[in-house]
Amino acid sequence: MTDIQIWTFVFVILTFGIYITIAWRSRVKETKDFYVASQDVPAFANGAAVAADWMSAASFIGMAGLIAFLGSDGSVYLMGWTGGFVLLALLLAPYLRKWGKYTVPEFVGDRYSEGVRVVAAITAILVSFTYVVGQMNGGGIVFSRFLNLNLTWGVIVAAAIIFIYTVLGGMKGITYTQVAQYTVLIIAYLIPAVAVAQQTTGLPIPQISYGQILAELDALGREFGLHAFSEAFVGRDGGQLDVFLVTASLMLGTAGLPHVIIRFYTTKTVRGARYSVFWALFFISLLYLTAPAVGAFTKLNLLQGVQGASADELPSWIDTWGQTGLVQVADGVDTIETVSNNAASGADLIVNNDILVLASPEIGGLPAPIIGLMAAGGMAAAMSTAAGLLLVISSAASHDLFFRVFRRNSGASEKEQMLVGRLAMAGAIVVAIIAGVNPPAFVAQVVAFAFGLAAATFFPAIILGIFWKRANGPGATSGMLAGLLFTGGYMIYTLEIFGTGANDHIFGISPEGIGAIGAVVNAAVTIVVSNLTAPPSRHVQEMVEEIRYPQSRQEVGTGS
Amino acid sequence: MADAPHESTSGGVTDQDDWRKRYWKKNLRLMVSLLAVWFVVSYGFGILLIEPLNTIEILGFPLGLWFAQQGSIITFVILILIYALRMDRIDDEFGVSERGEDGERR
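Residue numbers (this note's numbering), protein chains in the order written: chain A, 329 to 888; chain B, 89 to 194.
There's no promise every hint is true.
If you want the footprint, here are the derived chain B segments under chain A, 3+ residues with CB under 8 Å [claimed, not checked]:
1) 120-132
2) 135-149
3) 155-165
4) 171-184
Don't read these hints as lab results, they were simulated from the structure.
All of these numbers come straight from a predicted model, not from anything done at the bench.
We treat Cβ as the ideally placed atom computed from N, Cα and C, and that holds for glycine.
Sequences are here, hints too, so could you generate the full structure?
Below is the structure:
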């Protein structure tokens, strides 16, 4: 066994031990604990949990690699996946917390109608499911590379650990394991980044020092047939319009994703929800501000490493990662003259986006313990997000569908609810394993589609539900369906899924960007249909009025 | 002691509606101004104006690129903090902040 493998085992076993200990200590007996952690989580801890929940395998493993090859246009992910938190903080979190239910479908169910609740529950399951596939696959990649397990076993081991602590601890177990996972993943991300920055520029603050290498990186990139890192609108085919729309889709999707929104139900107060969003984005920004630096430094090291080297004197990481099939050197190449992340490009060296972060310590020549730490960090990112998503899937399936729709009149006992919640969780994990072994596309891309769907369905329904008293059930139902059909339809039209051929992008709009237009379609349909049908009941309108105020008005300072 | 107007015992509906309207208006005004900054920094500087801004270079960063990859994110964090702090003040002003039995924030 190599040094790297020993260190990886040490870190992975150590961190898994921590997660399981936490899960055991916070195991739960009641539904309120299971779904919303007794609404007793401090803002700071909730922020860290949101951050871990939020930063997926795609953020940790895929994003810096994507940015390395996209260059300037990689900002769609950086701005898109952070800007949505401003919308969450200002438009959603405080009001949804005041409404105070367990799930997002429950909110729209109370606000609009049971029919909307069913549509929302099914959409929540679909959206979370596309997202969880990426996590499972990301976890599998980490395992297969670092521990020499094959991908299938990697996915199964990761799922088994998640299974233990989600089924035991529900939201409470998930929240506190996520705090631990955030700590692991941010340390794992920052240490190699700081080390590489120090090594390359002498300034150990990667977020600032990557500016110094941009000129060199642009020049070197061009030699290998890549576009310049710092040039705008050359990384994506759609240009400025597409960059705008993809950013908007990711932002609206962020604010509409049920597994993120659900976190703000776990705080003590409305005020706690506001500060939770702040802490969440603060913790997230530590990684997001570092990611473009990691991308730039790793790309520079990679290109310098292969520059002018003959086929048998290539850096050793190419060989080790070559075994996973994620790095390929074309046959019969003397020296590497072209580099690409696209397998179809026919370049001499093809590097998959997903390995750039995981291999960055090796590419930068850092010692074995750091590489092992990277593996533990990647696992933490994948597992924390998967656990949050699985909770959404199981709560939507049990709390919103099973008990409301199928067992409507038979008042289920607490014990029965917990059992169904846990069974739904177990079922979700099994399906996730199967899909995780055979994922549809690149990790980050799979996730990007989930955002488009969330943007086009949940976001307008929730926003209008909070800010417009006139929005009603028929309006929201038709709006969400229109958004879903429009966005899903365009995705199917432009992608090769379900055996259909891929068509050209209309006006250069990519399937990741269509969600922003889907959101507008949804809002327009909701407004028109709501105005044509009867307004919501007086009771509902009063509820909408009440969520505007954190607490009923008190005389300040009387203390009673 | 109280720095917020006391709720009148005899005021009835109109007084109630009045503070509610003023509270909501203040909230909306804060929200709109923060969202304006949010839009200008991310979509404005980071996307629509990125090319002209890229002609200015600071510490090796073309300015547009810096806004798209660093500046916008830093701004987002600050905007949310400002919102949380300002809403605390507004809640106190209108006596709707969440306090426990002892009058302390919960």
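Going through the hints against the structure:
1. For the segment 120-132 of chain B, the stated coverage by chain A holds: 5 residues have a C-beta nearer than 8 Å to a C-beta of that chain, and at least 3 were required.
2. Chain A is given as covering the segment 135-149 of chain B, and this holds because 9 residues of the stretch bring a CB closer than 8 Å to a CB of that chain, at least three being needed.
3. With a threshold of 8 Å between beta carbons, the proposed coverage of the segment 155-165 of chain B by chain A holds, since 8 of its residues qualify and at least three are required.
4. Restraint check on the segment 171-184 of chain B versus chain A: 9 residues with Cβ-Cβ distances below 8 Å, three needed, restraint holds.
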